[in-house]
Each structure stands twice: as C-alpha cells, then as structure tokens.
Amino acid sequence: MKKRVKKVVKKMVGRDNFLRIAIMYKRFMPKMETEKTIAFLFGVSKWKHSFIRDYLHEYEVVFIEDRESIPAIINKAEKYKDKVFMVWGYKERPALLRFAKKNQIPFYRIEDGFIRSVQLGASKSTPISLVVDSQALYYDSSTPSDLEDILGQYDFQSDQELLNRAVNCIKTLKEENISKYNHVGAKDIDAIYGKKEKKRILVIGQVEDDESIKRGSSRPITNNELVILAAMENPEAEIIYKPHPDVLFGKRPMQSNPTEVMHMAKVITEPLSLTDSFQTIDHVYTITSLSGFEALLRGIPVTTFGAPFYSGWGLTDDRQKVNRRNRNLTIEEIFAAAYILYPKYVHPITRERITIEEALSFIGYMKDYEANKQNANQKKSQLLQPESIIKNEVGGKIGILSKGIKEIPHIESFFVSELEFNPNEDPKSLTYVAGWGMKPSAKKAIALAEKFNIPYLGLEDGFLRSIGLGVDGAPPYSICVDDVGIYYDATRPSRLENILNESGWEREDLLKDADQAITLIRENYLSKYNHAPMIDAAIFPNNGKERVLIVDQTFGDMSITLGLANTERFKEMYEAAVKENPNADIYIKTHPDVISGKKEGNLTPKDVGKNAVFIYDDCNPLSLVEQFDKVYVVTSQLGFEALLLGKEVHCFGMPFYAGWGITRDRLTVDRRRRSRNLLEVFTAAYLLYTRYLNPATNELGNIFDVIHYLSQNKYNH
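In the numbering used here, the protein residues as written are 1 to 717.
By construction, these hints were calculated from the structure, which means they are not laboratory data.
All residues carry an ideal CB built from backbone N, CA and C; glycine is no exception.
You may find that some hints are simply not true.
[As the list claims (entries may be wrong)] Here are the simulated distance ranges between beta carbons:
hint	residue 1	residue 2	range
1	Glu35	Glu68	18 to 28 angstroms
2	Lys391	Glu35	24 to 34 angstroms
3	Arg324	Ala72	34 to 44 angstroms
4	Pro440	Leu667	36 to 46 angstroms
5	Asn424	Glu575	48 to 58 angstroms
6	Arg219	Pro144	38 to 48 angstroms
7	Phe555	Ile70	23 to 33 angstroms
8	Asn326	Glu211	23 to 33 angstroms
9	Pro220	Glu197	30 to 40 angstroms
10	Glu175	Lys102	23 to 33 angstroms
[To be verified] Heads up, simulated EDC-like pairs for lysine to aspartate or glutamate below, C-alpha to C-alpha not over 16 angstroms straight-line:
hint	residue 1	residue 2
11	Lys48	Glu65
12	Lys598	Asp557
13	Lys397	Glu425
14	Lys610	Asp665
15	Lys195	Asp282
16	Lys46	Glu407
17	Lys91	Glu58
18	Lys606	Asp557
19	Lys76	Glu65
20	Lys79	Glu33
21	Lys198	Glu236
22	Lys406	Asp461
23	Lys598	Asp618
24	Lys528	Glu425
25	Lys199	Asp282
26	Lys630	Asp665
27	Lys367	Glu502
28	Lys630	Asp557
29	Lys528	Asp461
With the sequences and hints as input, model every part of the structure.
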C-alpha cells in the first residue's frame with residue numbers, strides 16, 4: 001500500500017518535488033543513530049576509495065557519486081543523526097556546502113599530505129599521508145585553515161618533545177633526499193646546470209590553473225612572469241627555471257610557454273628531482289609551491305609571490321601579506337605543525353596508522369628500491385615464466401587508447417614493454433595495441449590494430465584480483481594478457497586454451513609452486529575480490545540433505561555470451577539442478593554487483609518459484625562453496641574455486657576450465673582436445689597466463705606476493 005501511494009504521489013508532483021517532500025517529512029522523523037558517525041564523501045575518484053577508508057577509521061564512510069542529485073543526497077543525509085560531509089579539495093557542489101552550513105553539519109576537506117609517495121599521484125600511487133581540514137585546505141590563504149590555526153596558536157616552546165621529533169625528521173628527510181614525490185632518481189647536477197660561475201636563482205614552475213595558485217595568490221601571475229621578476233631583481237645572477245613536469249610534457253595546460261623565457265633563463269627540460277634541483281642554488285622564487293618550504297628546510301632563502309602555508313611567519317621574503325599570520329616561527333616549528341600535527345599517515349601495505357618517522361623510513365626504503373632497479377624490463381621478464389612472455393614483448397611498445405586502462409594504478413608494472421598512451425601519433429612504431437578484452441569498449445583499439453596490421457592484446461582482470469570490487473575502484477593486483485583471444489571467449493582460441501592444449505611446460509618445480517598456491521588459497525579463503533565476510537554456516541539447516549549451489553551472474557556479462565550461453569541457459573541450469581537433485585536443498589548465489597545494486601542478475605524469484613533459496617548476503621565465495629556438495633554454473637569463476645575445494649561442478653556454458661575433463665559439461669568445444677587434471681589447469685591459468693603486481697613494491701611480482709598480501713589484509717578492508 002505504501003509503495004502504491006509513493007508511486008502515485010511521485011507521478012503527480014514529479015521526482016525532484018517528491019524528493020523535496022520526502023526530505024521535509026524526514027526532518028520530523030527520528031534520526032537513525034549509528035555506532036560511528038557517517039562521513040559522506042564527495043568528489044573522490046573511484047581509485048581512491050580503496051585507501052581513503054584507512055584514514056577515516058573513526059567514521060563509517062559513504063561515497064557519493066557525482067551523478068547523484070542534490071535532493072537524493074540530502075535525502076540520504078537526513079536519515080542519520082551523526083554525520084559529516086567531506087570533499088576532496090574543493091570539488092563540492094555549492095548547494096551541498098549551503099545545506100551543510102544551514103543544518104550545522106561539519107564540513108571537512110581532504111588533500112594529499114606533504115610527504116606523499118615515491119611515484120606521482122597521477123600514476124594512481126597510494127599516498128602515505130593525507131590531511132583532513134575542518135575549515136579550508138592549507139593552500140587557501142584567503143581564509144583560515146586548521147594548519148594556519150596550529151601555526152598561529154600552538155605553544156611550541158612548551159612541547160620540546162615535538163620539536164625534537166621535528167629536528168630528527170628534518171635531518172632524515174635531508175639525508176634521504178625525501179620530497180613530496182620521490183620518483184626521479186639521482187642525477188649529476190653539474191651535467192645539467194653546468195659549471196657554477198655566479199649566484200644562482202631557481203624559479204619553481206607550477207600548473208598555472210591549479211587551485212593552490214587560485215586560492216593562494218591574490219594576484220594573477222604566470223610562471224614566465226615570475227621568471228622575469230626574478231631576473232629583474234637579480235640582474236647579475238644566473239636564472240634557472242624548472243617548469244612543472246605536467247606542463248612540460250603536455251599533461252596539464254600552460255598559460256605561459258617556457259620556450260619564451262629561454263633567452264633569460266636556463267630551462268630544465270628533463271626530469272629532475274626537487275632535492276637535486278636545490279644543489280648549488282642560492283635563492284628560490286615560487287608562487288605558492290611546497291618546493292619553497294623544502295628549500296627552506298635546506299637553508300635556502302625563498303621569495304613567495306603568493307601566500308603558501310609557510311609564508312608570513314618570518315622565514316620568507318613575502319610579496320603577499322596575510323594579516324592573520326602575526327608571529328615569527330622557526331623552521332622546526334613550521335615543520336612540526338605541517339608534517340607532524342596536521343596530517344595523518346597510513347602505511348600503504350599494512351594499511352595501519354603510522355608515525356611520520358615510520359613514513360620517512362618506508363619512503364626511504366622504497367627510494368632505494370627504485371634506485372637499484374637496472375635494466376628494468378629485462379629484470380621484469382625474468383620474473384615471468386618463459387611461457388608467460390609474449391613474442392616480441394620484451395623491449396617492445398604497446399599502444400593503449402583506453403582512458404580506463406591508463407588509469408589503472410601501476411599499469412606499466414604488468415608489462416615488459418613500454419606503454420604508449422598516444423598511439424595514434426606514431427602507430428607504426430607499435431609492437432602491439434592493447435584493449436580491455438573483446439568488449440565493445442575495445443573496438444577502437446581493435447580497429448587501430450587492424451588498420452595498421454598490428455597484433456592485438458586483450459587485457460582482463462586476473463583470478464586473484466583485489467581487495468574490493470573493481471566497480472568500486474579497488475586496484476587490481478593481477479591481470480591477464482592475451483595475444484590470441486581472451487580466456488572467457490570460447491568462440492575462438494585464447495592464449496590460455498593454447499597453453500592447455502600444448503605440452504612441455506609441466507615442469508616439476510612449476511607444478512609444485514601451483515600445488516603450494518592452491519593450498520594457501522584454500523587455507524586463506526582467497527578469491528577474486530576478497531572483500532566480503534565469511535558466510536555464517538548456521539544459516540543452513542543441518543537436516544542431512546545434500547546441498548546444491550546454483551551460481552547466478554550479472555545480466556549481459558560478456559563472459560556469458562562468449563562462453564556459448566545466454567540468459568535462458570540459467571533457467572535451464574536451475575531446472576536441471578532441481579531435476580537431478582530431487583532430495584537436495586537448492587540455493588542460488590547472487591553476484592556481488594547485483595547485491596550492491598550496480599547490475600542486474602539472470603535469475604529472479606519469479607523464475608524459480610519456491611524450489612530454491614536466494615543467497616543475497618555478500619559473503620566470501622570459498623566459505624560459501626564449502627557448505628555445498630555440488631555447484632552448478634554457466635561460466636562463473638566460482639565454479640573453478642569450487643573445484644579447488646573438491647566439489648562436483650556442472651557447467652552449462654564453456655568457461656576456461658570446462659572441456660578438460662575436470663567438470664561435468666553440457667557443451668563441448670572440439671578445440672579443447674586434451675585431458676587435464678585440476679593442478680594443470682590451475683598452473684596454466686594462475687601461474688602461466690596471469691601476471692601479478694607485488695603490492696609491497698608496486699612492481700611485477702608473482703602469485704605468492706599477492707597471496708601473502710591478500711591473506712594479511714583482506715580483513716582490514
């Protein structure tokens with residue numbers, strides 16, 4: 001009755017007006033109380049979802065998608081008594097900020113900390129620090145921030161322990177040459193700058209339309225104008241200009257071209273770390289860049305044209321005053337505030353809160369690791385089994401058109417080739433063109449490959465993928481690379497199918513590794529996504545009957561069509577399971593994406609009547625399969641995981657593991673001409689066909705690196 005009334009009212013007044021009425025109604029309803037305060041997060045890219053919860057353990061985090069309407073968001077928020085709003089940077093919609101102020105909802109802003117990572121944020125590397133500010137972000141000098149309040153009010157002289165920590169951390173930071181980003185190796189500065197013959201001024205370029213300039217500088221100025229100012233004020237000095245890397249290499253727009261000031265400054269056009277760039281420098285000019293503070297840490301005088309967080313405290317030559325900043329501080333006091341008191345640090349691997357000292361130690365270790373890598377692609381190829389390396393891949397060039405593939409964190413680490421993200425510029429130089437499987441989104445890549453007669457590589461998630469769903473932005477720790485087809489496409493051969501049809505790779509050491517991996521997967525209940533809790537075995541009646549599990553999948557999944565099946569096969573599977581097991585309890589497992597509401601399934605209660613029980617709980621797949629005697633699938637990977645647990649598996653489609661003699665198949669594919677045992681199929685699929693990222697180093701690794709990481713961290717998710 002209530003649903004019918006809602007439907008009628010919504011039709012009469014329209015969806016948005018209905019939501020407004022609902023909001024007004026709910027304001028008078030009792031608010032839902034929760035154990036933790038609900039944090040609604042806005043403007044957070046999906047790839048950040050996997051780590052941002054680690055910084056917000058005290059909250060129950062709810063990510064709001066950009067496409068959600070304002071009334072719908074407010075409707076969600078109105079349900080809860082204790083709530084806060086959080087936004088990445090300044091990406092909120094103004095209406096949400098107004099709503100928060102009007103209803104006295106705390107509003108926080110999130111940004112990377114000052115020691116972030118080894119690799120750039122643009123490469124989707126996990127940050128080791130974040131800041132969460134209840135007022136404004138540290139780079140916004142137009143209004144107070146939590147950092148500015150600390151700098152202006154904290155009694156540093158009464159906290160000698162804090163200052164001692166600051167002294168020691170500054171020492172470590174300088175000795176280890178640690179900066180915000182630490183991806184560029186050490187270089188010979190004399191070879192870049194030349195012999196020093198007079199005073200040297202370093203001008204630090206920034207992305208000119210960046211928020212840190214918009215909010216940190218009251219007057220507009222370009223990088224070139226800053227170079228001209230530095231040259232005018234230091235006519236006898238040598239001016240060195242270091243443009244921002246993203247501007248230099250065309251990743252971000254420029255408002256002034258570095259080539260236009262080459263007659264008055266030496267423009268650095270190659271990658272150069274900040275710590276190296278400070279060598280032999282006598283003075284630094286910047287608008288608002290953090291590099292100015294890093295120069296101060298190294299004892300170099302700094303001129304700031306804007307008002308970064310470290311200006312106005314008596315240490316810098318300021319061209320923009322901030323009247324709120326009315327006391328003098330030492331470099332140790334500013335460091336203590338900005339690097340110790342203000343940010344939160346989280347270990348990228350253990351995902352636990354750590355101190356700045358531990359963060360510096362980790363970054364130092366990772367810098368050494370990066371510095372010691374020689375002949376990277378050749379060394380990476382040695383980590384792969386010979387059967388895993390694709391012909392001409394080592395030292396080749398792979399063209400990638402897809403923005404989605406480009407945004408996969410550390411995607412380069414999976415390959416022993418250079419990745420080219422602008423393949424149309426010189427397609428004839430490419431060894432391969434890669435796309436995501438055989439999906440429609442890969443059509444452009446396939447067309448480019450066909451046009452220039454370049455071999456195509458199909459990419460797909462691996463079988464031990466991540467902690468969390470891909471649709472939620474969880475980064476993959478494994479991918480499959482296929483130069484023949486793709487493993488779920490039974491309409492044609494794939495690299496995996498070819499491996500299983502061939503012989504000679506069944507080495508004793510390889511099979512021994514596979515056997516060990518299977519044992520670890522079973523012991524630790526590892527699966528593709530590793531995000532869900534263990535099933536409660538008590539939900540199943542202990543009535544002595546056999547239990548049969550039917551596995552549903554998402555509607556329209558390519559693995560169904562390409563696995564020689566369709567939606568009707570799911571209904572046939574259900575009918576066969578009931579007929580073949582008349583005395584068994586029948587259960588149907590719903591796919592996680594269907595449970596989360598992101599996709600639809602193939603089986604509904606209408607299709608099955610009362611003869612089966614749907615399992616809607618999102619649970620660990622192996623813990624679920626453990627409770628059953630038989631498993632019925634169309635093409636789901638869960639069928640293979642059931643085989644790993646020794647279960648009888650019936651296939652109504654043709655997944656990669658069907659047709660080799662280890663499953664009860666309703667279809668046949670003549671190409672699959674050998675008989676294989678479970679260990680051999682696992683070895684081919686998980687060890688020879690799949691590539692793994694070592695989560696500890698973000699470099700190419702092996703299956704045991706991923707098993708270890710998933711085992712240690714899946715319950716911390």
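These are the hints, each one checked on the structure:
For Glu35 and Glu68, the Cβ-Cβ distance of about 25 angstroms falls inside the hinted range of 18 to 28 angstroms, so the restraint holds. The hint said 24 to 34 angstroms for the Cβ distance between Lys391 and Glu35, and at roughly 56 angstroms that hint is violated. Hint check: Arg324 to Ala72, Cβ distance near 38 angstroms, so the stated range 34 to 44 angstroms holds. Taking the beta carbon of each, Pro440 and Leu667 are about 25 angstroms apart, not inside 36 to 46 angstroms as hinted.
A beta carbon spacing of about 50 angstroms between Asn424 and Glu575 agrees with the range 48 to 58 angstroms that was offered as a hint. With their beta carbons about 21 angstroms apart, Arg219 and Pro144 fall outside the hinted range of 38 to 48 angstroms. At roughly 30 angstroms, the beta-carbon separation of Phe555 and Ile70 lies within the given 23 to 33 angstroms, and the hint holds. Take Asn326 and Glu211: their Cβ atoms lie about 26 angstroms apart, and the range 23 to 33 angstroms holds.
At about 35 angstroms, the CB distance of Pro220 to Glu197 agrees with the hint of 30 to 40 angstroms. The hinted range of 23 to 33 angstroms is not satisfied by Glu175 and Lys102, whose Cβ atoms lie roughly 51 angstroms apart. Distance hint between Lys48 and Glu65 is fulfilled; the C-alpha atoms sit about 13 angstroms from each other, no more than 16 angstroms. The hinted pair formed by Lys598 and Asp557 meets the criterion: a straight-line CA distance of about 13 angstroms does not exceed 16 angstroms.
Distance hint between Lys397 and Glu425 is fulfilled; the C-alpha atoms sit about 13 angstroms from each other, no more than 16 angstroms. With a CA separation close to 27 angstroms, the supplied pair Lys610 and Asp665 exceeds the 16 angstroms bound. Distance restraint check for Lys195 and Asp282: the Cα-Cα separation of roughly 14 angstroms lies within the 16 angstroms cut-off, and the hinted pair is therefore satisfied. Restraint check for Lys46 and Glu407: the C-alpha separation of about 10 angstroms stays at or below 16 angstroms, so the hint holds.
Taking the CA atoms of Lys91 and Glu58, the gap is about 23 angstroms. The hint is violated against a cut of 16 angstroms. Between Lys606 and Asp557, the direct Cα distance comes to roughly 21 angstroms. Violation of the 16 angstroms bound is thereby established for this hinted pair. Annotation: proposed proximity of Lys76 to Glu65 holds, straight-line Cα distance about 13 angstroms (limit 16 angstroms). With a C-alpha separation of about 9 angstroms, the suggested pairing of Lys79 with Glu33 holds against the 16 angstroms cut-off.
Of the pairs offered as hints, the one joining Lys198 and Glu236 holds, with about 8 angstroms between alpha carbons and a cut-off of 16 angstroms not exceeded. The straight-line distance between the Cα atoms of Lys406 and Asp461 is roughly 14 angstroms, inside the 16 angstroms bound, and the hint therefore holds. Proposed proximity of Lys598 and Asp618 is supported: the alpha carbons are some 14 angstroms apart, at most 16 angstroms. With a C-alpha separation of about 37 angstroms, the suggested pairing of Lys528 with Glu425 is violated against the 16 angstroms cut-off.
Between Lys199 and Asp282 the alpha-carbon distance is near 6 angstroms, which keeps this suggested pair within the 16 angstroms criterion. Restraint check: the Cα-Cα separation between Lys630 and Asp665 comes to about 13 angstroms, which is no more than 16 angstroms; the hinted pair holds. Only pairs whose Cα atoms come within 16 angstroms are accepted, and Lys367 paired with Glu502 is rejected, the gap being roughly 42 angstroms. Straight-line distance between C-alpha atoms of Lys630 and Asp557 comes to about 24 angstroms, which puts the hinted pair past the 16 angstroms bound.
Using a Cα cut-off of 16 angstroms, the hinted pair Lys528 and Asp461 holds, with the two alpha carbons roughly 9 angstroms apart.
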